[in-house]
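Novice: Assemble the complex: chain A is given as a structure, and chain B must be docked to it using the hints.
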Amino acid sequence: MKNKSNKQKTAEARKEKLLSVLQDHGVNIYNDLDQGKFPQFVIPSRSVNNIVYDKKIRQYILGNARAVRSSRNMSQLRSYTQLAWLAFFVNRLIREGKSSTLRDIYYSSQAFSIDFEDQPESDNIIVDLEAVTSSPREEFHIFPEERSSVFGDLTIEYTVPGYEGKRVNLSDHPDGYLIGPSLSSAELVDTSAELVIAIEKGGLFTRFVEENVHKKFKSIIVDTAGQAPRSTRSLLRRLNQELGLPVVILADGDVYGEHIAMVIKSGSANAAHLRELTVPDAKWLGVWATDIEKYKLPTIPMTESDIKRIYDLQKDPRYQEGNWKKQLEVFLKLKRKAELEAFSKYGLTNITDKYLPAKLEESKSL
Amino acid sequence: MKTYLSKETFSQISPSEFFYRNRDLAGFSNPTRSLYTSVREFVENALDACDQKKILPDIHLSIKAVDAEQSDPKHYILTVKDNGPGIEPKHVPHAFGTVLYGSKFGLKQARGMFGLGATMAILYGQITTNKPVTVKSCADGKTSDEFVMLLDIQKNKPVILKHNVKEATKTGLAVSIVLEGDYSKAGSKIRDYVSQTSLITPYASISFEDPSGEKFHYPRIVKEMPPPPTVIKPHPHGVDVETIRRMIVDTHYQIPPVDNKMIEKVRKELGQKKNLSAKDILERAQKRWSELSRPVRTIIAVMSFLNIDFDGLQKMRIDDIDVANKKITYWDFGESQSHSIDLDPESPFYKQLANTVQGDTLVTFLTKRFQRVGPTTAEKFCEFAKLKPERRIGSMTNEELVRLADALQKFDDFLAPDPSCLAPLGEEPLSKGVMKFFNPEFASVIQRSASAYSGFPFIVEMGIAYGGDIPSTGLKVYRFANRIPLLYDEGSDVVLKIVNEMDWSRYKVKGDPPLVIVSHICSTRIPYKTVGKENVADRPELERELKNALQYLARKLAVHMSRQGAADMAKKRANLYAKYVPLIAQFATELSGKKKEPNYKQLIKMGSEIEEQIQ
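So the sequences go chain by chain: A and B.
Just so we're aligned, residue 1 is where the first sequence starts under my numbering, counting upward by one.
Just so we're aligned, residue 1 is where the second sequence starts under my numbering, counting upward by one.
Honestly, the hints are just simulated from the structure, not real lab data.
Where hints are given, some of them may not hold.
Restricting the straight-line Cα-Cα distance to at most 30 Å, the calculated cross-link-like pairs of lysine-lysine (DSS-like) are [unchecked claim]:
| hint | chain 1 | residue 1 | chain 2 | residue 2 |
| --- | --- | --- | --- | --- |
| 1 | A | K98 | B | K596 |
| 2 | B | K279 | B | K315 |
| 3 | B | K579 | A | K98 |
| 4 | B | K215 | B | K233 |
| 5 | A | K201 | A | K326 |
| 6 | A | K17 | B | K595 |
| 7 | B | K596 | A | K15 |
| 8 | B | K596 | A | K17 |
| 9 | A | K15 | B | K594 |
| 10 | A | K17 | B | K594 |
| 11 | B | K497 | A | K37 |
| 12 | B | K596 | B | K579 |
| 13 | A | K37 | B | K596 |
| 14 | A | K98 | B | K594 |
| 15 | A | K201 | A | K354 |
This is chain A alone, in the form it adopts within the complex (with noise of 0.2 Å):
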């Protein structure tokens, strides 16, 4: 059994972190305020110009430019609002532990008078306040509405109102856990587990459950439903960095499927200005490009945009080397894709039987 020995503190800590981050916002604002002066917020810029990638912590990060919003233009003075609403909103929904949707933002506004035009535009507020306090939106208490979810021995220990220090093990139930703000806030206590398999479908998921894949393999099973969220990329990293397991990562034989695993690895450049949401040292198991002829599964052709998105990442700085550039390769030599289901064709247990063992074998040497 892993034992966190500061589990306690870790979830606690962060939500007492964000919340001084903005009550030290609020002072700010408040002696601007009342001193005569016009507060205004520095953001981190997120154009295209300012997104570079950091070698040494192998993910996209914001450069050094800097926005300033101030309630001294006009033109910015109802921007400026609104995110010094959602700070306002942001503080309530942590201190109440309530929860809400990216689609409940923009009408809880309605509510003060702050008139976002649309969803599109409360959303980048959102964005705007996760690069102001460097804090992902999950910890705002802000959930998307796609959920995935999570299976495998966790003992985990709620904080969210109602249900604070009740324990719960992932492995009680076989359709798994949903991925959601009470877990997401939840502190992580121990596991038998000694690895993280992430895999991108839900049937797969069932599958893997179904074969004790958690039990032949002293794992925790993580279904990231296609492009994992950013509550499920953030559990990743927790359960590498809090608990200490290794996370390999199982998608579809083609060009989506190898950056699925690149943005669990490394992020997306849209959260270029947030840092604790990647697994570095998450490996990418398969299918690789090479695993479509390795183990003769049955392909499909490539759509053009399917090869348009290879080129794209050709120029992506994460793709230049090892693995990653020659699986590319080979995806566009092929010009054929395979699914994780395309092992139903040697039996619905090949792909727990034989494949997963001879991948994680082969994922030790990388």
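Specialist: Using the frame of chain A, we list chain B on its own:
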């Protein structure tokens, strides 16, 4: 006398017949256009008549269907009544019963050119309905003469069907015709015409009753009439060979008609009633020469060469005096024969006759008959034209006349035409008209100083109006020429061209602005593109004036717009800060964990006062 008229004869047609055959040219091409043109001609005549006598015009126009049940085109009774000076009863038949009778030949600005249009309308009415015209005229303020007349088209003569005299109290003229028209199609143009006429004639009261009985009334907006134009001599640049010929003919003294009246005059000036012999006449005339009037001198000079007395004078007709060949040709009634005798250049009377017949010297002709030409300019011109200054215009050859006309056009040192013959509306009446008519949020007007093209003076007046009651349907241009609204052929007009060439965004005007331009061109001759007189041609001089006027007004508008814009912006700022700062304070108070809200009042004030930074 030497004339330039050809001796050949042509089969003549009367002017009435000419116009009848060419009615399309004068705007009577179809029932729709004809009804509109007739309204215009009568209303414009009425306004011109009032203008001439400085009477504030009071115009009543009515159009009634003869049979309302019929469908268009049908017969309408068109009546226009004014409070002008009226026309003396004896002139009425000729004024309305013949074509080419008019008093508008002088050079000054007037709405119509020759007063032909009204007769054309009468002619058109008669052709289409075979109904007479009814004219009621009161010129003395006491009696009103009513004439019911038809035109004899072939003979160009009025045929009076009825003539009544009634008592009256006010001067004025009422003309009523029956004509074929199409009001369903012409109606909107006629209503536009009436309303726009009221805009450019703010000193007039105009009412209009349409066939449905609906009444439109445009009351007088200003009580002062603009100063009337004066009749002036032509500018050298504005005449052609034909005009010069006509001027020469009436410049050099014509041989006076020898009738009893003239003989009476000669006797009187000689101070002798009883018969004198030819010799006595010459003796007496030489003694009193300096006291004699010019016609009498001429008659006596002729008598001296023919050696006749008054009896002889009555029996003959002088046909030609050819000074160049020193010959007089005359017709003897007694002998029914033409005679020709030689002039003796040594005779003291020769010079008199030569002067009379040959006319003035070129320099005198130029200074006397043209505006703003002095002796110095005339001398310079003669040099330019390579004509002798002392050359007598009566003896100039055809080639010389052409050279003269050509040089008059080309000589650059003439002064600009005299604009006193123009009658612009004036800035104040125009401004009042625009204000009353459009009720705008902003208006400005300008009267440019006089300019000229090809010897014709013109003045551009322009107004601009923005906002207020003007709908936001984009720029609209109201065109006027000599106080007449121009409603047709807008697209090809020079004013439209200038307006459309403007970069309005430079003057802070965007989108479909509630904007109106009123353009008024005054000239002794508006350079119309077509006979229809609805669109003005793009003369460079005119274009320049229009452009300057428009730019001036656009700048005024831009100032207004930026003032308005600044005021709007300040208001917007104030509103924004008043709205958002309290919200920010509310959020910051809770976020910072404080109880009392910060004192943010000063910030709202500061916010609304910040100068907008130029981005």
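Novice: Give me the numbers of the hints this structure contradicts, sorted from smallest to largest.
Specialist: 4, 11
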